[in-house]
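Novice: Chain by chain, the residues:
Protein chains: 2
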Amino acid sequence: MKLNERGLLVVISGPSGVGKGTIRKALFEIPDNNFIYSVSMTTRKPRAGEVEGVDYFFVSREEFELGIKNGEFLEYAEFVGEYYGTPLSYIDKQLQEGKEVIIEIEVQGALQVREKMPDAVFVFIVPPSKKALIDRLTARGTERSSEIQRRLEKAEREYNLAYKYDYIVVNDDVFNAADRIFAIIRAEHAKTERSIHKYYKLMEGKE
Amino acid sequence: MKLNERGLLVVISGPSGVGKGTIRKALFEIPDNNFIYSVSMTTRKPRAGEVEGVDYFFVSREEFELGIKNGEFLEYAEFVGEYYGTPLSYIDKQLQEGKEVIIEIEVQGALQVREKMPDAVFVFIVPPSKKALIDRLTARGTERSSEIQRRLEKAEREYNLAYKYDYIVVNDDVFNAADRIFAIIRAEHAKTERSIHKYYKLMEGKE
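Protein sequence lines correspond, in order, to chains X and F. So the first sequence is numbered by my numbering: it starts at 1 and just counts up by one. So the second sequence is numbered by my numbering: it starts at 1 and just counts up by one.
These are calculated hints, taken from the structure and not from any lab test. Don't take each hint at face value.
One copy or two, it doesn't matter: identical chains are merged, so the pair holds either way.
Listed below are the simulated SDA-like cross-link pairs for lysine to any residue, each with C-alpha atoms no more than 25 Å apart in a straight line [claimed, not checked]:
{"no.": "1", "residue 1": "K25", "residue 2": "V39"}
{"no.": "2", "residue 1": "K154", "residue 2": "E82"}
{"no.": "3", "residue 1": "K69", "residue 2": "V113"}
{"no.": "4", "residue 1": "K25", "residue 2": "R186"}
{"no.": "5", "residue 1": "K201", "residue 2": "D166"}
{"no.": "6", "residue 1": "K164", "residue 2": "Y200"}
{"no.": "7", "residue 1": "K191", "residue 2": "T22"}
{"no.": "8", "residue 1": "K2", "residue 2": "D166"}
{"no.": "9", "residue 1": "K2", "residue 2": "E62"}
{"no.": "10", "residue 1": "K154", "residue 2": "A48"}
{"no.": "11", "residue 1": "K69", "residue 2": "G53"}
{"no.": "12", "residue 1": "K191", "residue 2": "P128"}
{"no.": "13", "residue 1": "K198", "residue 2": "P128"}
{"no.": "14", "residue 1": "K164", "residue 2": "R194"}
{"no.": "15", "residue 1": "K191", "residue 2": "F122"}
{"no.": "16", "residue 1": "K198", "residue 2": "R24"}
{"no.": "17", "residue 1": "K154", "residue 2": "P31"}
{"no.": "18", "residue 1": "K2", "residue 2": "K191"}
{"no.": "19", "residue 1": "K116", "residue 2": "K191"}
{"no.": "20", "residue 1": "K99", "residue 2": "R44"}
{"no.": "21", "residue 1": "K198", "residue 2": "F182"}
Between the sequences and the hints, there should be enough to build the whole structure, so can you do that?
Specialist: Given below as structure tokens:
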């Protein structure tokens, strides 16, 4: 029995190249989970096979800009002339239904989310060693060394922001890391500030 | 991989009759755990079959009182003319070895521990409903109704202290409750304040 019935917004972030996407996928493979991956809104046209409300919410430029004006995005960015953003109303609806909403975003985006949703759970994924991160960033193949250098500097800046997160999880093994995030979600629901309200209701015999 | 290598002191507490002892036992049945149950020190004589360092540390009254004087107890109490207490040095040694030290104590004792070990994890066990607690307290058998009334009043005072704990766990099912405490322990190790020091060491390439 879970005292806190509202879902959690779980932000998975960390330096580029750390394996956030793989961990997020492993998380969704945990049996009997009630996780929802946050669906983004975009102004770009759907590609073949993409489904409205599954891959993206597809909207016009005018609609998106109205959304920005009305503060309807948790975070958004413009990329190659198209907007991409996370609509707040969608997330709130899922949380109210008790779903755990998982967002996987870059460090800068995560810190923006922190300001709008202080209640969310912020998990910073880190490599098991500095060498492991360098190996991953340099192993992607054919880039020029200046590009690799730029990436390393970005990773350096990013991994110094760990202290802004609630939890630090090592990506030594992807299933181990996903499992620890699952434990974090279970523990967060039991936190006194999230559960005491329902507990007092139970004790008053009202539920 | 766990960034925080020091063990956690986990205090399991809650109103009398809530089933703390059963949950603690279920916790120790979790496979591959590294839990240690805190061994108390006492001045009473060993009973048949009791083993020094397993059931209790048996000491003389003089030794125990010297311990009190030197502040060597996490908490202690006198009961029917004999002392019982939790020695700090034993706990500290286990934590340093990376063991999770589990203590199961009454609410008043737990609040004393909080003052001495703010770093510990405090879990408050609650019944799934007020009725469940009343049923348990009154079902123990042959006590007079005045004794039952006294217990109910004690439970009422105790369960209003939930807000002083870090987590609230419902004892709806003993294995479910134990499993949630296990998740709490895993999550606590990943907390930024416990893990960032080791993380920065890793990033400096020192480990």
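Novice: Hints first: check each against the structure and report whether it holds.
Specialist: Status of each hint after checking the structure:
{"no.": "1", "hint": "K25 with V39", "result": "within (15 Å within a copy, 43 Å between copies)"}
{"no.": "2", "hint": "K154 with E82", "result": "within (24 Å within a copy, 63 Å between copies)"}
{"no.": "3", "hint": "K69 with V113", "result": "within (17 Å within a copy, 51 Å between copies)"}
{"no.": "4", "hint": "K25 with R186", "result": "both (18 Å within a copy, 21 Å between copies)"}
{"no.": "5", "hint": "K201 with D166", "result": "between (28 Å within a copy, 19 Å between copies)"}
{"no.": "6", "hint": "K164 with Y200", "result": "between (32 Å within a copy, 14 Å between copies)"}
{"no.": "7", "hint": "K191 with T22", "result": "between (28 Å within a copy, 22 Å between copies)"}
{"no.": "8", "hint": "K2 with D166", "result": "both (21 Å within a copy, 15 Å between copies)"}
{"no.": "9", "hint": "K2 with E62", "result": "neither (42 Å within a copy, 48 Å between copies)"}
{"no.": "10", "hint": "K154 with A48", "result": "neither (33 Å within a copy, 66 Å between copies)"}
{"no.": "11", "hint": "K69 with G53", "result": "within (22 Å within a copy, 68 Å between copies)"}
{"no.": "12", "hint": "K191 with P128", "result": "between (28 Å within a copy, 16 Å between copies)"}
{"no.": "13", "hint": "K198 with P128", "result": "between (39 Å within a copy, 11 Å between copies)"}
{"no.": "14", "hint": "K164 with R194", "result": "both (21 Å within a copy, 13 Å between copies)"}
{"no.": "15", "hint": "K191 with F122", "result": "both (15 Å within a copy, 10 Å between copies)"}
{"no.": "16", "hint": "K198 with R24", "result": "between (30 Å within a copy, 24 Å between copies)"}
{"no.": "17", "hint": "K154 with P31", "result": "neither (35 Å within a copy, 41 Å between copies)"}
{"no.": "18", "hint": "K2 with K191", "result": "both (11 Å within a copy, 21 Å between copies)"}
{"no.": "19", "hint": "K116 with K191", "result": "both (21 Å within a copy, 21 Å between copies)"}
{"no.": "20", "hint": "K99 with R44", "result": "neither (28 Å within a copy, 53 Å between copies)"}
{"no.": "21", "hint": "K198 with F182", "result": "both (22 Å within a copy, 22 Å between copies)"}
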